[in-house]
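Student: Please construct the entire structure, taking both the sequences and the accompanying hints into account.
Numbered by the numbering used here, the letters in the sequence shown go through residues 12 to 257 in order.
The hints are simulated quantities; they were obtained by calculation from the structure and are not laboratory data.
Possibly wrong hints are sitting among the right ones.
[Said to hold, decoys possible] Label pairs and their in silico Cβ distance ranges: (1) Leu-195 - Ala-83: 21 to 27 Å; (2) Glu-70 - Gly-240: 34 to 40 Å; (3) Gly-48 - Ala-229: 15 to 21 Å; (4) Gly-104 - Ser-173: 39 to 45 Å; (5) Asp-112 - Asp-163: 27 to 33 Å; (6) Met-20 - Glu-70: 34 to 40 Å; (7) Gln-183 - Pro-230: 25 to 31 Å; (8) Pro-136 - Met-20: 38 to 44 Å; (9) Gly-257 - Thr-210: 25 to 31 Å; (10) Leu-171 - Tyr-191: 16 to 22 Å; (11) Pro-230 - Ala-100: 23 to 29 Å; (12) Leu-206 - Glu-174: 25 to 31 Å; (13) Thr-210 - Asp-84: 40 to 46 Å; (14) Gly-196 - Asp-144: 16 to 22 Å.
Ideal placement from N, C-alpha and C gives every residue a C-beta, glycine not left out.
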Amino acid sequence: MDGWQHEGMTQVWAHRGASAHAPENTIPAFELALDQGADGFELDVQLTRDDQVVVIHDETLERTTDGHGRVADHSLDDLVRLDASSGRAGFAGVRIPALGDVFALVRGTRATVNVELKNSVVAYPRLEERVLDVIAGHAMTGRVIVSSFNHDSLRRLAVLDSEVRLGVLYEQRLWKPWDYARRLGAHALHPSVALTRRTVVERAHEAGLGVHVWTVDAPRDIERMAALGVEAVVTNRPALARAVLG
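Tutor: Below you can see the structure in the form of structure tokens.
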């Protein structure tokens with residue numbers, strides 16, 4: 012199994028785009044992240060009623076849009092009519108993007124896209140297949156890592172496509188997470204910053220795994236993660252992280 016380790020400096024991945032300064036999981040947030048020097052970004056995906064992959068964090072629409080109800084109960088056409096600005100000034104009318112829209116944005120860049128499957132609350136039985144379809148359709152296999160807190164989903168992805176890179180998301184302690192990730196067929200650990208210690212990073216690297224840590228916003232934590240040698244920090248503030256890392 013090939014690892015997902017980057018040579019050189021710790022990379023900056025923008026959490027839901029540059030979400031400290033633009034509406035999360037929208038094209039303006041991803042554009043701003045790239046403008047601020049991010050090496051890539053993390054986003055969240057769910058399935059619409061008509062089986063389309065859309066970029067949104069919550070299973071319901073109320074927090075980030077002017078819509079109501081569950082994402083799963085709406086068609087793509089319904090969703091792209093909504094205002095996804097979260098009421099933020101200067102962003103009125105921004106839309107929920109489809110995953111393919113984001114891939115089109117980064118096609119001419121070298122950005123990495125961390126696609127998180129939001130399938131721990133709503134099962135979305137075909138989410139894995141549909142995400143793989145979009146990745147393949149945009150020739151993004153080598154630029155994407157797929158992560159989830161639903162580890163059964165990661166196991167399924169490993170069976171469906173041996174080429175796709177997988178990251179094990181976790182926020183509770185795991186026993187020897189580097190061994191666990193290898194058994195799942197994953198390529199990287201995605202621990203919370205609170206769980207990231209030198210032993211975890213060293214053992215992950217010995218196992219050929221990358222380490223991508225979330226959500227790292229404080230300068231002291233960014234510095235600490237870089238000193239540990241993690242491959243990427245996932246942050247709401249990519250410009251700050253880039254300034255700290257140099």
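Student: Each of the hints needs a verdict: does it hold here or not?
Tutor: Quick rundown of the hints versus the structure:
no.: 1; hint: Leu-195 - Ala-83: 21 to 27 Å; in the structure: holds (26 Å)
no.: 2; hint: Glu-70 - Gly-240: 34 to 40 Å; in the structure: holds (35 Å)
no.: 3; hint: Gly-48 - Ala-229: 15 to 21 Å; in the structure: holds (18 Å)
no.: 4; hint: Gly-104 - Ser-173: 39 to 45 Å; in the structure: holds (41 Å)
no.: 5; hint: Asp-112 - Asp-163: 27 to 33 Å; in the structure: holds (28 Å)
no.: 6; hint: Met-20 - Glu-70: 34 to 40 Å; in the structure: holds (36 Å)
no.: 7; hint: Gln-183 - Pro-230: 25 to 31 Å; in the structure: holds (26 Å)
no.: 8; hint: Pro-136 - Met-20: 38 to 44 Å; in the structure: holds (40 Å)
no.: 9; hint: Gly-257 - Thr-210: 25 to 31 Å; in the structure: holds (26 Å)
no.: 10; hint: Leu-171 - Tyr-191: 16 to 22 Å; in the structure: holds (20 Å)
no.: 11; hint: Pro-230 - Ala-100: 23 to 29 Å; in the structure: holds (27 Å)
no.: 12; hint: Leu-206 - Glu-174: 25 to 31 Å; in the structure: holds (28 Å)
no.: 13; hint: Thr-210 - Asp-84: 40 to 46 Å; in the structure: holds (45 Å)
no.: 14; hint: Gly-196 - Asp-144: 16 to 22 Å; in the structure: holds (20 Å)
The structure agrees with every numbered hint stated previously.
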